[in-house]
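Residue numbers (this note's numbering), protein chains in the order written: chain A, 1 to 378; chain B, 379 to 756.
Hints are computed from structural coordinates only; laboratory data are not their basis. In this text, a Cβ means the ideal position worked out from N, Cα and C, and glycines have one as well.
In silico SDA-like cross-links for lysine to any residue, where the CA-CA straight-line distance does not exceed 25 angstroms:
#1 B/K669 with A/H85
#2 B/K744 with B/T630
#3 A/K291 with B/A500
#4 A/K366 with A/R29
Sample of chain B residues at the chain A side, in silico, Cβ under 7 angstroms:
#5 Q417
#6 A419
#7 R446
#8 L455
#9 P677
#10 D691
#11 F692
#12 A695
#13 Y696
#14 A703
#15 E705
#16 A706
With the C-beta cut set under 10 angstroms, the calculated list includes, among others, these residues of chain A facing chain B:
#17 A40
#18 H64
#19 P69
#20 M84
#21 H85
#22 S315
#23 H320
#24 K324
#25 L329
#26 G331
2 protein chains.
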Amino acid sequence: MANPFAFSLIATDGAARAGEIATAHGIVRTPAFMPVGTQAAIKGVHHDDVREAGADIILGNTYHLMLRPGAERVAALGGLHAFMHWPLPILTDSGGYQVMSLSPLRKVTEAGVTFRSHIDGAMVELTPERAIEVQILLGSDIAMQLDECVALPAKRREVERAMNLSLRWAECCKRRFEAAPANRALFGIVQGGDDQALRERSARSLADIGFDGYAIGGLAVGETQEVMLKIVGATAPMLPAEQPRYLIGVGTPADILEAVGRGIDMFDCVLPTRNGRHGLAFTRFGPINIKNAHHADDPRPLDAESRCPAARDFSRAYLHHLFKAGEALGGTLLSVINLFYYQDLLAGAREAIASSRFADYAAQTKEQWTAKRDIHAS
Amino acid sequence: MANPFAFSLIATDGAARAGEIATAHGIVRTPAFMPVGTQAAIKGVHHDDVREAGADIILGNTYHLMLRPGAERVAALGGLHAFMHWPLPILTDSGGYQVMSLSPLRKVTEAGVTFRSHIDGAMVELTPERAIEVQILLGSDIAMQLDECVALPAKRREVERAMNLSLRWAECCKRRFEAAPANRALFGIVQGGDDQALRERSARSLADIGFDGYAIGGLAVGETQEVMLKIVGATAPMLPAEQPRYLIGVGTPADILEAVGRGIDMFDCVLPTRNGRHGLAFTRFGPINIKNAHHADDPRPLDAESRCPAARDFSRAYLHHLFKAGEALGGTLLSVINLFYYQDLLAGAREAIASSRFADYAAQTKEQWTAKRDIHAS
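Isolated chain A, as found in the complex (with noise of 0.2 angstroms):
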């Protein structure tokens, strides 16, 4: 069977692009928004209110399902999409993140990474060839590279060897991968830190090996959103312009409308998911705590002009009361709500984009962030 996996770009304005990424579990339309299920699960969300908000792809962690429940148990299952019960396309991480970030001892050598599970003080050794292993295992439709992401600020020395290595890494998942059913995807990882040279010799050298997209990883660790925006900028135009570019991790929707317009097409985060817990509404008027105590007696809804019926339907005085009274059904609608808020952002961009208007259309929305404040916001 053909592999079904093909990347169409529809329109370009600048540096920004609107496309199709076609997988064998259906179309994602880019630049797309990847909601994290990071435990086979959208956390506090139904699929069905994923897909409703316009979702065509969700993002699964290699390091959480290889732990819990296990990736051969997934695979027994027929795969994650059969087991979570979710049709459309998924992309996996490779579990380096969070290997690096959540494992409380963990050992970093050529082969491979070596850590102790969160959850049972297991000890469980992550390879290249094995984070792949897994990730076919799962059956998402893409596939990511192992790499070491190293946290910023850091040494360049210490950002050079981690490169270097994810490098090495990015070779042996590509001939790891070749065993794959043929539908399966693998995205490389650009790393590099701060450091445009290194970003430069790890995106050359990634499309030397040649992969189906590119990521960069390696941002949204600890450096600002002007360093960020800066590596975005200057190393996406060295990535193939043929194949998908995703922003590993990131972020507002500022941070998503500056690196759709320098060419980004694929992005993930658990910001409108954890904000959405924590009482954070992202809406077109900018966002807003709901947990303010102004709210409390605020009949209106958060955007009467929303697609979301949550947003809709509730007013903020009983959403604020939801949180007050600690019902989980709170932070449920406000996740519910900032995943449309998310999805309409990068529908807009892609309509935008499609008719030459990007630079207007991203303006327009942050200004409509901030001058609505007044009447609207927390």
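Model the placement of chain B on the given structure of chain A, informed by the hints.
Same frame as chain A, but now just chain B:
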């Protein structure tokens, strides 16, 4: 405007009754199960799922709502229906039961009960008149009289004192309720513990005062199912046949079937949602504890023939995983599955009563809970 509240008996089958309660917010098909929306939310479940499950009416807790967000605030926001965006009928309890069970300090006098709020420690007075006033402010379709509920076992003298006090409060409530908008109904509550003579005196006295419906309170408070059903079976026939009968706080699917067979029309209970959050699913094949390890590899849904999408679409392995991984979605899905189960149980009872086969329906339902246990259950 004429009071739209009316109860129509559609069919009887032995002591079992099927009917309809008309309210200003719609029809309640009886026997009815009312999901509990303690703090203006059914815990962890979206309103849409509560409606989809088939609930015609939900219950709100006066004690909780008067403390937070406050009855006057809810009234200013348009009443409980508008506040929580629930357009169908709502019954509110009187707050008496929660004062007894939740308040760390309370004092019962002839005038009412004074208690310390479990939220902020403030001293609050709840008189029969205030209980009605709060419910008028909330705007519930059915209000309940303030009563004093005694935990069983208890001395007869204590049960009798509380029963007599509840009768005097019933008169105060009735009087105060005369100021309520005409589209509301008020129910009296039979007390008397496990003493049938006291129950009879309470029931007759309440009927003399005259209410729109009658509840049996003070059960499911520590007594055996046998005692509970004996009291229900003896008390229900003493209540006016032309008005609805509500058994407060009951119960398991078995309790409900037994009570329907004894002439009860309305139920409320936290079991479907509370047990759902704790991993217990009610199914046609009996209760299933999804946290048990042997579900981890089970690809079967909880019930492939359920009307509930979550019971059909998600495997036991996936639901098990959600609980093991601490994903709140697990509790939400099982709560929804249980609400569908309870509604379908009552819908089946209504149909069976209408076709004079309720005894068979109850027997077959109970048989199925155990007959298929070897292949399906926990």
